[in-house]
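A.B. asks: Quick note: the sequence shown uses the working numbering, first residue 1176, plus one each step.
Check the hints yourself; a few may be wrong.
Under the rule of at most 30 Å between Cα atoms (straight-line distance), these lysine-lysine pairs were calculated in the DSSO-like manner [to be verified]:
#	residue 1	residue 2
1	LYS1373	LYS1387
2	LYS1309	LYS1376
3	LYS1376	LYS1347
Just the calculated beta-carbon pair ranges, DEER-fashion [as the list claims (entries may be wrong)]:
#	residue 1	residue 2	range
4	GLU1248	GLN1475	52 to 60 Å
5	THR1258	GLN1475	53 to 61 Å
6	GLN1475	GLU1319	49 to 57 Å
7	TYR1495	LYS1347	46 to 54 Å
If you are wondering where the hints come from, they were derived from the structure by calculation, not from laboratory data. Treat the numbers as computed from the prediction; the structure is a model and nothing was measured. From the three backbone atoms N, C-alpha and C, an ideal C-beta is built for every residue, glycine too.
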Amino acid sequence: MRFRRSFPLALAALLLAGCATVPPSVPPIAPPATPPEQTPVAPPSIVEQETASYQSAADAPRILEALDRRLAERSQTAADLTTADLSTYSNLLLTAGRFPEAEQALVLLNERQPGDRTILLSLALLAGARGDSKTQETRVAALEQSFPNDIETINLRAKLLLARGDRAGAKKLWLTMVEKQEDTTALLGLTDLALDAKKPKEALVYADRAVKAAPNDDQAWALHARVQNDLSQYLAARKDLDKAVALAPEDPWHRLDRGKLAWLHLYDTDLAQADLEYATIKNPGNFFGWAALAEVYEEQKRPRQAYDAWLKALSLRPDYRFAYPSVSMLAFRYQDFPRAAAFAKEAAKDYPAEYAFPFVEALSRRAMGQPQVALTVLEKSRPRFTKGSTVDEMFRFLITPGQDYYLNTALKLEKQENIRLRLRFYQGCVYALAKSSNSARAAFEEVSASTLERIPEIAAARDWLEHGI
């Protein structure tokens, strides 16, 4: 199950909004003849002074830096703040994403204001965010005792049950809730459960109710799109994601979902490229965005960008086996021999019947000055292929590169043009590495002149010609 991505601490922003308010202007009035005795007004605290300039969540880090500096100058900590200032300070920490410090401040605040729902809820969420299930359970139990009918508390309990694998318990809680009211969180939880149970039609019922209950909730539209996608209603899913993007244009996950949909089902590579590029810029640590973008670039015949995207994807997920065939061929194409050797070795494990990978690894090892390693790769791989075939003759030539008569004869007799051209490319690579420029150029020119599509060796031959032999 993919949970909604918003961290439910937006209440902090609501509390902080008061920091940016400006008192309305009051028209001047004539002073009384005898001024009344006035109560001295206390000067604003340092928290009030610094938050006077607060306009949006983006200001929180700057204000916190100023506050921390002023507290340090006074040899004070957050514990020395008044309760009102500590409340504002903790909300600033939440808004800035400084969750460990926010939790410490909220613990202090809870001691001063025990039983406050907002504080308890924030503490329960923070404990869950850092993976402390025992503390979170204690805090949720305290919430349930004080606020047994609170919607957010019930939703939190359902998610805790789900995290423990109690899907039935979570579903029961959410069903009880939606019988009483159209709570969006509960409806989306039920939608997720139905999707995970491979029941997209049931999921659609809950998703429909969710977007009706919260038409301005971008997460609801995004999940509705997932349901439509599972039902193979791809155009409807696109419309849903358009709404999600319109409601939250800076959310990289909506762009990722729409980009993948455009690539996999709508065949709109321009939209896929735009959305996936946006998603990876906004969230460069998202493996899925880089992997999908690499595939799109390959489809658009933008190999250098595809190679860079694959490298980024593998840096995040080295275990993503599907990347190795493409990235090994691209690495060899760009004569990045160390990576080509490593990637081709991995690709050969999953595709032992593909002769390109042992050739790429062996030739890369030879280019790196490791002829004995290259020989070992070839000798171990050769038995997997039909003896006496043109591919087998290529193995023989790679093992004894000085003798090309038999390979040339085999290539002339080869009836399948794609096999002949692919092997001719690797023959050209042997010549290039041996500094036989004329022979290499002749091989690469022959291969690069082909009009066959989707053969990586043809594109590689053109690059080897262009960048020198």
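A.B. asks: Can you name, in rising order, the numbers of the hints this structure does not satisfy?
C.D. replies: 2 and 7
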